[in-house]
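Letter by letter, the chains look like this.
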Amino acid sequence: AQSVTQLDSQVPVFEEAPVELRCNYSSSVSVYLFWYVQYPNQGLQLLLKYLSGSTLVKGINGFEAEFNKSQTSFHLRKPSVHISDTAEYFCAVIQLGGYQKVTFGTGTKLQVIP
Amino acid sequence: GAVVSQHPSRVICKSGTSVKIECRSLDFQATTMFWYRQFPKQSLMLMATSNEGSKATYEQGVEKDKFLINHASLTLSTLTVTSAHPEDSSFYICSARPSSGAQETQYFGPGTRLLVL
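Protein chains in written order, with the working numbering: chain U, 1 to 114; chain V, 1 to 117.
Each hint should be verified, as a subset may be incorrect.
[Said to hold, decoys possible] PhoX-like cross-link-like pairs, simulated, lysine-lysine; straight-line CA separation at most 25 Å:
no., chain 1, residue 1, chain 2, residue 2
1, U, Lys109, V, Lys20
2, U, Lys69, U, Lys49
3, U, Lys49, V, Lys41
4, U, Lys109, U, Lys49
5, V, Lys66, U, Lys101
6, U, Lys101, V, Lys20
7, V, Lys66, V, Lys55
These aren't lab readings, by the way, just hints derived from the structure by calculation.
Kindly produce the complete structure, drawing on both the sequences and the hints.
Right under this line is the structure:
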């Protein structure tokens with residue numbers, strides 16, 4: 001079985017400040033890792049994903065994430081946030097093989113303060 | 001880019017009625033579609049995996065007779081909430097995995113908000 005932990009349910013940050021949203025996972029096999037963003041009353045949009053190769057992954061809207069196998073983490077970062085980044089962010093994993101079931105974390109609400 | 005639509009975007013119904021939600025992949029074929037529900041301030045929980053032309057696979061705790069899933073074509077899956085009750089009120093999101101291309105790829109629909117009175 002696999003699980004995803006997002007320890008921070010809410011992260012307030014001032015506009016133009018840096019932010020890091022934490023994600024840790026647990027799995028007995030190798031996984032693919034994802035970050036999704038959800039704006040109010042909308043579906044999910046893929047920010048970035050890690051499949052293999054370079055552990056630093058760059059995504060849309062200036063976000064990046066680093067895969068750390070030893071710490072089983074995939075933290076999301078942005079050097080300077082904008083008001084429009086206010087949204088819910090979900091970390092997710094898919095086990096390699098299997099039938100591609102996605103396990104989501106509980107989400108982190110990023111609140112950008114003007 | 002790949003687009004997944006859901007219809008309706010929101011629906012209000014009386015307790016005891018049935019509601020059908022459609023999930024369509026607009027510009028690609030999807031052998032597999034997934035249905036999730038999301039309660040307020042919570043994460044998405046997978047309800048079932050829908051495979052074109054075969055029976056859906058339901059997650060533990062999801063009533064298959066209450067949440068009927070049909071995946072009759074490569075671009076359409078439907079979720080019918082039968083005899084809906086207020087506790088079924090939720091945000092339902094589907095995703096579609098392209099028949100060709102990377103296996104880990106899923107595209108999400110915009111969601112359907114169901115309110116049962």
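Next item on the list: Assess, step by step, whether the Cα of lysine 109 (chain U) is no farther than 25 Å from the Cα of lysine 49 (chain U), and give holds or violated.
Entry: holds (19 Å)
Next item on the list: Take the C-alpha atoms of lysine 109 (chain U) and lysine 20 (chain V), compute the straight-line distance between them, and say whether it is at most 25 Å.
Entry: violated (30 Å)
Next item on the list: Would you mind confirming whether the straight-line C-alpha gap from lysine 66 (chain V) to lysine 101 (chain U) stays at or under 25 Å?
Entry: holds (22 Å)
Item checked: Distance restraint between lysine 49 (chain U) and lysine 41 (chain V), which requires alpha-carbon spacing of 25 Å or less -> holds (23 Å)
Next item on the list: Sort out whether lysine 49 (chain U) lies within 25 Å of lysine 69 (chain U), counting only the CA atoms.
Entry: The given pair, whose Cα atoms are some 15 Å apart, holds under the 25 Å limit.
Notebook entry, point to check: Are the Cα atoms of lysine 66 (chain V) and lysine 55 (chain V) separated by 25 Å or less?
Noted result: Given that 25 Å is the threshold and the Cα spacing comes to 15 Å, the pair holds.
Margin query: Check whether the Cα positions of lysine 101 (chain U) and lysine 20 (chain V) lie no farther apart than 25 Å.
Written below: Holds, at about 24 Å.
Hint compliance for this structure: hint 1 alone is broken.
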